[in-house]
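> Sequence:
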Amino acid sequence: AGYVFTFSCLSRHSFPVLNSSSRRCLSGWSGRWHQLVGMGLGVTLCAVPVIEKQSSISLSNDALIKRAVSLVTDSTSTLLSQTTYALIEALTEYTKAVYTLVSLYKQYANLLGKMNSDEVDAVWQVIIGARVEVTTKQQEYLRLESSWMTALRLSEMAAEAAYQTGKEQ
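For what it's worth, the numbering used here labels the leading residue of the sequence shown as 917, then goes sequentially.
Hint data in this document are derived by calculation from the structure and do not stem from the laboratory.
Hints may contain errors.
To be verified - With beta-carbon atoms standing in for the labels, derived distance ranges:
hint	residue 1	residue 2	range
1	E1009	M1031	49 to 59 angstroms
2	Q1055	A1077	31 to 41 angstroms
3	Q1055	K1022	49 to 59 angstroms
4	L1007	I1043	50 to 60 angstroms
5	S991	S1062	13 to 23 angstroms
6	Q1023	S991	43 to 53 angstroms
7	L1028	R1059	28 to 38 angstroms
8	K1012	V1036	53 to 63 angstroms
9	L1007	N977	14 to 24 angstroms
10	T1000	L1027	33 to 43 angstroms
Each residue gets a CB set at the ideal place from its N, CA and C atoms; glycine is no exception.
With these hints in hand, go ahead and build the complete structure from the sequences.
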């Protein structure tokens, strides 16, 4: 393996003691080796391998594909779990909103004929607000249901890929 040697200098602003020597860095050095050692704080030598050693683990195409399939199955599993959780939460919120609306309708039906027109208008405003809430919660649920279906299809495809590569999980 070949090496590339690089020299770097510390800034004179970082270490004022090295002001004159770090300014020159390697240009203009005509001194001996011990001068280089004396400048150890101002100059660093770094060897960077150009060619990496071959790994003892073979990275065959099959091994790379199995690794990729493993990552895909893990990711789709996480996606499916998160969308399932969000879907259940959205369904719970939607159900609560529907029960609230049904309760308001029942109360309105029980009070019908016992309220004046201003009270009826006030109750209807509350019912309309509850209907808007139900619609909003329903739209959120439907959006998450669509995402969940997509996550489910992705999980099925990842499982099929895992089966084909022999990396079932």
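> Please go over all the hints and tell whether each is borne out by the structure.
Hint-by-hint comparison with the structure:
no.: 1; hint: E1009 - M1031: 49 to 59 angstroms; verdict: 30 angstroms, violated
no.: 2; hint: Q1055 - A1077: 31 to 41 angstroms; verdict: 33 angstroms, holds
no.: 3; hint: Q1055 - K1022: 49 to 59 angstroms; verdict: 25 angstroms, violated
no.: 4; hint: L1007 - I1043: 50 to 60 angstroms; verdict: 22 angstroms, violated
no.: 5; hint: S991 - S1062: 13 to 23 angstroms; verdict: 19 angstroms, holds
no.: 6; hint: Q1023 - S991: 43 to 53 angstroms; verdict: 48 angstroms, holds
no.: 7; hint: L1028 - R1059: 28 to 38 angstroms; verdict: 36 angstroms, holds
no.: 8; hint: K1012 - V1036: 53 to 63 angstroms; verdict: 25 angstroms, violated
no.: 9; hint: L1007 - N977: 14 to 24 angstroms; verdict: 44 angstroms, violated
no.: 10; hint: T1000 - L1027: 33 to 43 angstroms; verdict: 41 angstroms, holds
In this structure, the hints that do not hold are numbers 1, 3, 4, 8 and 9, in rising order.
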